[in-house]
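Visitor: Listed here are the chains, written in short residue letters.
There are 2 protein chains.
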Amino acid sequence: MKYIYYFGNKEAEGSAKMKDLLGGKGANLAEMSKIGIPVPPGFTITTEMCELYNQKGKDEVISILKKDLKSNIKRVEEIMGKQFGSAENPLLFSVRSGARKSMPGMMDTVLNLGLNDEIVEGLGAKMNNPRFAWDSYRRLIQMYGDVVLGLKPADKESVNPFEEIIEKMKEQLGIKSDVDFTTDDLKFMVRLFKKLITDQGYSFPQDPWEQMWEAILAVFRSWMNERAVIYRRIEGIPDAWGTAVNVQTMVYGNLNERSGTGVAFTRNSATGENFFNGEFLINAQGEDVVAGIRTPGQITKKEAVEWGRRNNIPEEIRQKKNPSLEELLPDIYKELYSIQETLENHYKDMQDLEFTIEEGKLWLLQTRTGKRTGEAMVKIAMDLYRSKAINEREVFERIDVEKIEELLHPVFEGQALAKNEPITKGLPAAPGAAVGQIVFFADEVSKYEKAILVRLETSPEDIEGMNLAQGFLTVRGGMTSHAAVVARGMGKCCVAGAGSIVVDYKKRSFTVGGKTYVEGEWLSLDGSTGSVYEGSLPTIDADIREDFKELLELADRVSNIKVYANADSPTDAHTALKFGAKGIGLCRTEHMFFEADKIKPMREMILASDTEGRERALAKLLPLQREDFKGIFRAMNGLPVTIRLLDPPLHEFLPHTKEKQEELALNLQIKAGQVREMVEHLKEANPMLGHRGCRLGNTYPEITRMQTRAIIEAAISVKEAGISILPEIMVPLVGEVEEFRLQKQIILETIEDIFREKKTTVDYKVGTMIEIPRAALTAHKIASEADFFSFGTNDLTQMTFGYSRDDANTFLPIYLEKNILKNDPFQVLDRDGVGELLSTAYTRGKEAKPALEVGICGEHGGEPSSIKFVADIGFDYVSCSPYRIPIARIATAKAKK
Amino acid sequence: MKYIYYFGNKEAEGSAKMKDLLGGKGANLAEMSKIGIPVPPGFTITTEMCELYNQKGKDEVISILKKDLKSNIKRVEEIMGKQFGSAENPLLFSVRSGARKSMPGMMDTVLNLGLNDEIVEGLGAKMNNPRFAWDSYRRLIQMYGDVVLGLKPADKESVNPFEEIIEKMKEQLGIKSDVDFTTDDLKFMVRLFKKLITDQGYSFPQDPWEQMWEAILAVFRSWMNERAVIYRRIEGIPDAWGTAVNVQTMVYGNLNERSGTGVAFTRNSATGENFFNGEFLINAQGEDVVAGIRTPGQITKKEAVEWGRRNNIPEEIRQKKNPSLEELLPDIYKELYSIQETLENHYKDMQDLEFTIEEGKLWLLQTRTGKRTGEAMVKIAMDLYRSKAINEREVFERIDVEKIEELLHPVFEGQALAKNEPITKGLPAAPGAAVGQIVFFADEVSKYEKAILVRLETSPEDIEGMNLAQGFLTVRGGMTSHAAVVARGMGKCCVAGAGSIVVDYKKRSFTVGGKTYVEGEWLSLDGSTGSVYEGSLPTIDADIREDFKELLELADRVSNIKVYANADSPTDAHTALKFGAKGIGLCRTEHMFFEADKIKPMREMILASDTEGRERALAKLLPLQREDFKGIFRAMNGLPVTIRLLDPPLHEFLPHTKEKQEELALNLQIKAGQVREMVEHLKEANPMLGHRGCRLGNTYPEITRMQTRAIIEAAISVKEAGISILPEIMVPLVGEVEEFRLQKQIILETIEDIFREKKTTVDYKVGTMIEIPRAALTAHKIASEADFFSFGTNDLTQMTFGYSRDDANTFLPIYLEKNILKNDPFQVLDRDGVGELLSTAYTRGKEAKPALEVGICGEHGGEPSSIKFVADIGFDYVSCSPYRIPIARIATAKAKK
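Taken in sequence, the protein lines are chains A and B.
The first sequence lines up with residues 531 to 1427 when you count with this note's numbering.
The second sequence lines up with residues 531 to 1427 when you count with this note's numbering.
Since the hints were made in silico from the structure, they are not lab data.
Some hints here could point you the wrong way.
[Claimed, not checked] Across the chosen pairs, the derived CB separations fall in these ranges:
| no. | chain 1 | residue 1 | chain 2 | residue 2 | range |
| --- | --- | --- | --- | --- | --- |
| 1 | A | Lys1348 | B | Ala770 | 31 to 39 Å |
| 2 | A | Gln736 | B | Phe1285 | 43 to 51 Å |
| 3 | B | Ser1139 | A | Val1048 | 27 to 35 Å |
| 4 | A | Lys1130 | B | Lys1190 | 52 to 60 Å |
| 5 | B | Lys1190 | A | Val1048 | 27 to 35 Å |
| 6 | B | Ser1139 | A | Glu1080 | 53 to 61 Å |
| 7 | B | Lys1190 | A | Glu1377 | 34 to 42 Å |
| 8 | A | Lys977 | B | Ser1139 | 28 to 36 Å |
| 9 | A | Glu1080 | B | Pro1343 | 55 to 63 Å |
| 10 | A | Lys1130 | B | Lys1348 | 39 to 47 Å |
| 11 | A | Asp1362 | B | Asn875 | 42 to 50 Å |
| 12 | A | His1211 | B | Lys1190 | 21 to 29 Å |
Cβ coordinates follow ideal geometry from the N, Cα and C atoms, glycine included.
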């Protein structure tokens, strides 16, 4: 087994394809090295070793790696002409995590490994820069204490204990910035850092090899730290993957003014526009940019000019105060520009780069597929497609369906924006409109249903709270700050670097423009403009823009599974069509009965004591329901409409307060006691499993007859008006084929009667919901009678798990927290239980009747991973709420094998 | 294909093994003929032809059968030396149904086929008995009208229209009995019968062949008549089987005084005693005995003497008034006796015979396995086993497990019998004690929860109501009357032929001993003595008698599947042991919490606002629950005890009325509002699918810890007292392996703590209920963690069907009535859905862990056909209520392949 892969000097043992083994970072470092891009040499320890560490522990890992680690370090020493552990000509290393899928900031990093009290002096002499050497040394001790020894802040209102020491020294010395520390200050700082470590009962190892081993193991351990575990849960990354460890030669952006570090995107990650962009800091290490502590400069002149315009700074002042890299180091810029071109052409996707300039020499530290907003994702994919860089299939490989939702996010009403002045402006770091109550700590977000998290800056520890917030507002940091990156990843709105805000964590308030805002007050963020408004501004639904439209049309061409809508009214039907539905997969007739004109005869029907009474009331409902269907049929001209017969238990239609019952009695001219008695009579211990669905139609066939009549008469009527229509009558809650057979018989007899009366016919289908476990298991029997199956995965999930959706809130959140369940099964289709029933029923159904049409109409029909699952089985269609249709269309295209 | 099988003259084309094809009657006629018993020659049309008729109709059937029917009739004509359709030397036929399994009286029969206006004269001349010929003719027309043309009574209070004519003529003529009609009266009757038919728009065919075809087709049709369909549903006979048709030469018991007809049993069908017995009528056709219209005489002298003793008739008068067949026709009796011996030795089981004597010649018309009471069934099987006529396996082939229940039926308390005088006595036609309210019409039985059906006589139309009644009391008819046969078949109590009762259907009352009893009054029947008591007498449980005990012991030797009990208390445990349980398969801990001393701390626990409060209350419950377990462990010394952790939702333990809530608040010294709030808080929309089972244990681990502690501490305590015990801790309502894993972890940690504290250990197992569909589907995962599976088929049925057992009464009865479901799935385990989940889970579980112990503890664990099903899968045990244990023991033996 090979556990270590070397890269550097235009060579590499790994490649971009080996992400599973080397992690994303390691695989891309190897790839970059191979294609000739300058990468500081190093090697990657595989993810397999992480698993081995978790299973077998430290000694086993060291004994396996020892020999290879030495030989790989030797190889780097030879290329760099320096020695690890040498005071004369020291070679230093970084040790970084790197999982299969990027988990930014979740795991740990140690830089400057290889320094000790002796070597720091050697490095200072060699580089002719003792201050740099001592700064590097204090950083090493700080990171070692933090990452390897786990010295954390005392409480959430405190800062990191090392940072605390730095802040105190600044206070003592009366200086504002880290750069103002002298070499002696830094030496003193190192003493204080070492003391902090000793006071905690640890010590900082002087042996570079011990530093190396401890750092490698700490990175392995960081795979299982709390924030990484939470992040994986949110992102659906399996715990079993493990992280690789990248050990790489240190290069220094913090050596002097001809050194620097930066991050860049080959295209705009917020809009998708095709221009190179990014941020950099002179005389800084990489961490400084991402942490957002110093506000960075822009890489291109174009961006810098815009920055000036935004901040009302005249161009000549801007050029001095905030020059771009393009202006400051034009040769380096040119080389970087050419590298980003090479990388984008190579990877055929927008790249997110990290680079360091050491004394005028450019090094690439990382390239990866850049995180982006939904809007950018669509634009970039379509631009690459139109430029023929990628084909249809590759377009959808670049589409994360979950992020499509952002494009359907609401935006603020134009009028509201015109009327309101922003209280401040920041960077438009992640687009969308967010409205919520102010909260200052991530673990307090859940106090409010809708919260806006306001922070000086966010950090990886905040990840769980960020996931619950509507949006983020930060005081520090740029477009690539933690808050901005996470927001774009989560599809949330973010306004970053709103520097005019003064936050007081202790008072839980912030002040801007002379006004103070306290926790709990409402705030509205416009992530597309960077504006912040007080109060709660009204929002409207987003429009579908051109690129997105093209993508959806491409999806329809690629996909071989239809997307229908769940729609109960002509209005719903129109919305569904607007979003591209190819039919209605679920029209719930009961919603119609709640309308003012229908609820009275409905109640009359329920209160009737015999079949005749029920039939009298149903006769009043018939013309009303027929009109409903006519409206829907007209809207859906030419497309199939699947209508589900009455499903809920009858008691849902009766009033439950005494007053309403008396009112109803008066209305129907019966005794109040009669209403009360019927309400009592219809009460059920478990209505979910009670007298509903086809159990109603089989005990009161007159209801099925009325509904069939309304559907078919409506179809005949619109057909005569020249509208083409295919009504599909759907029997709910079938668990036994005889239930379906009896309903079908009633339906067919009624239809034959109507055809005779009207002397005409229409096409129709009669099918059933599969929403009871027993229906799934006996699907072969039901299929021999039914024209179509529509899986009602809401009820099927309830029964397969034995969870009442109305009651599961008492234990489901705890189950998710304790990791008993990976997902809420009502959101993401359960593979093991419900999923097996789906595939079993599909197979048995299609075997019994190859022409059987099979779809899904539960809420999972609009959830991308569930769509993928049913598409893989072979379903003919999915049906979802109108607003989910664009997502479903993309998901079906993406699911195509 | 061969569709007709000939028999007669000591030959036959069929045999007893061909019941599926020839029906029971046809197969046995063939068999009898083969072994030399005198059977009127004829032939059987196969059951396949019935199916063909139902599918393809009349013309197809006639075209297929025409040739063979002719040739078979020709064969009979040759043997009998008579011709079908000839007026000179007429040959007449009977046409009877005959299904695979006996369905007495359910389907139709036509006798005397082949007569017409001309042939009737010829028959009269040939037989030298015109009255007999005309009586036969009027019977033919009557049966033809009834069976082929379907001329039914106008309403339930009317009689058959033909019978109405007969009754009117009797009135006109002032005669009492059918035998008083002269030849001319019968000729007049024939005219009236024909007019009745013509008035209904039909005509009686004069062509004997047309009669023959119509009768055959009518018998096929009768397979689907309402009462046959209902009977099959009750007996679990598939509709697809179809009936055969037996066409057989007529022999005449009604020719003269040297003719007669009877039915006989080779052993006593009520007690199982080994003596030949039966009833006969001189000068009568077979139907007359079964119909119960004339009270028949006894076949053996022994029975006749007893009859005289019972009716206080001196022996010399008895010999004249009611001579036995043995006394009246000793030669015939001797021949019959020898035939019954032959038949029992041949079939190795008690036989039920029908015979006819025509002018001193004995003919056997039928032999079949005799229906019997449960008691007789056990005695006969054990007698045959002890006499080495049958082996162990054959014993259980002769045991109908359903009927075992009768042996466990209650009997009246001795004291109550001593204190009460019967109001009348009848024949002890079917044993047991029945208490219920008087009702006179079968379709009104359901008016009362417990009803006694009182009738002049019962008829096949009454079958559905009889199934619902507690017992039957009839005025007419003997031990072989319809009521008596049906009662023994259903395991119900029957007192038949209580002739002193005068029934008035119109007034819905009966009078006996000068006192009138009206509908709704209570009556007690003792079917073992024939006594009828007024009012409701107290009953006690039956004892297990010697034969039954031997049978149960034999069952335990034969069976390889253990029978455990569902038992929640030491009392239950003792009952279970008395009935032969080999362990406890389900001990429900929640029942203990409802006891007076435990409900208070339980409520305290539920009302606690935090973990500490719950733990305080649980600490009070611990010693109480530990005592419960100690009691059960002591009772079950040496046997396994499976204890289920808390299962029901917590709200079940709180009071639901305002008064009780206030009382509780006072008791616990908290505010009443607090109790009310908690009740509201715990309210669930669907508690069946709510916060219960291991969802409680996983959200409140302290409950699991307390219960585990109580179980293990109790086990250690009794172990120290020298009692051997194996506690099996069972986690309820698991749907996902992680739920089980977490509970198991809590259980194991608690047990380790106790072992450390007590410095001792006990053996134990930790397993789970499989009662959620998803648990069944993911059984392989759960099995890798669990020591045993116990299928909770009550909940599994609820979730697989989506039926709430508490609410299903709103539609389930209608589903059974409409034949949507063949059985109530809560009584008989559903094969297609729940059954598949059982076998899937079994297979997956055993594959993952071959040592896994698998059982069933839902109510199906005591239902014989369900036991057979799980035994076939390979289950290790069944667990059922203590009173069902004997049934389960037999069922497991019977299930052995």
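Visitor: Does each hint hold? Answer for all of them.
Guide: The hints, checked one at a time:
Against the hinted window of 31 to 39 Å, the Cβ-Cβ separation of lysine 1348 of chain A and alanine 770 of chain B comes to about 52 Å, which falls outside the hint. Taking the beta carbon of each, glutamine 736 of chain A and phenylalanine 1285 of chain B are about 48 Å apart, inside 43 to 51 Å as hinted. As the Cβ distance of serine 1139 of chain B to valine 1048 of chain A is approximately 30 Å, the hint placing it in 27 to 35 Å holds. The given range of 52 to 60 Å is broken by lysine 1130 of chain A and lysine 1190 of chain B, whose C-beta atoms sit roughly 39 Å from each other.
Our hint of 27 to 35 Å for lysine 1190 of chain B and valine 1048 of chain A is violated, since their Cβ atoms are close to 46 Å apart. As the Cβ distance of serine 1139 of chain B to glutamate 1080 of chain A is approximately 58 Å, the hint placing it in 53 to 61 Å holds. A hinted range of 34 to 42 Å is violated for the C-beta pair lysine 1190 of chain B and glutamate 1377 of chain A, which are about 57 Å apart. Separated by about 19 Å at the C-beta atoms, lysine 977 of chain A and serine 1139 of chain B break the suggested range of 28 to 36 Å.
Our hint of 55 to 63 Å for glutamate 1080 of chain A and proline 1343 of chain B holds, since their Cβ atoms are close to 59 Å apart. Distance hint for lysine 1130 of chain A and lysine 1348 of chain B: a CB-CB separation of about 31 Å, inconsistent with the stated range 39 to 47 Å. At about 60 Å, the CB distance of aspartate 1362 of chain A to asparagine 875 of chain B disagrees with the hint of 42 to 50 Å. Here the CB-CB span from histidine 1211 of chain A to lysine 1190 of chain B is close to 25 Å, well matched to the stated 21 to 29 Å.
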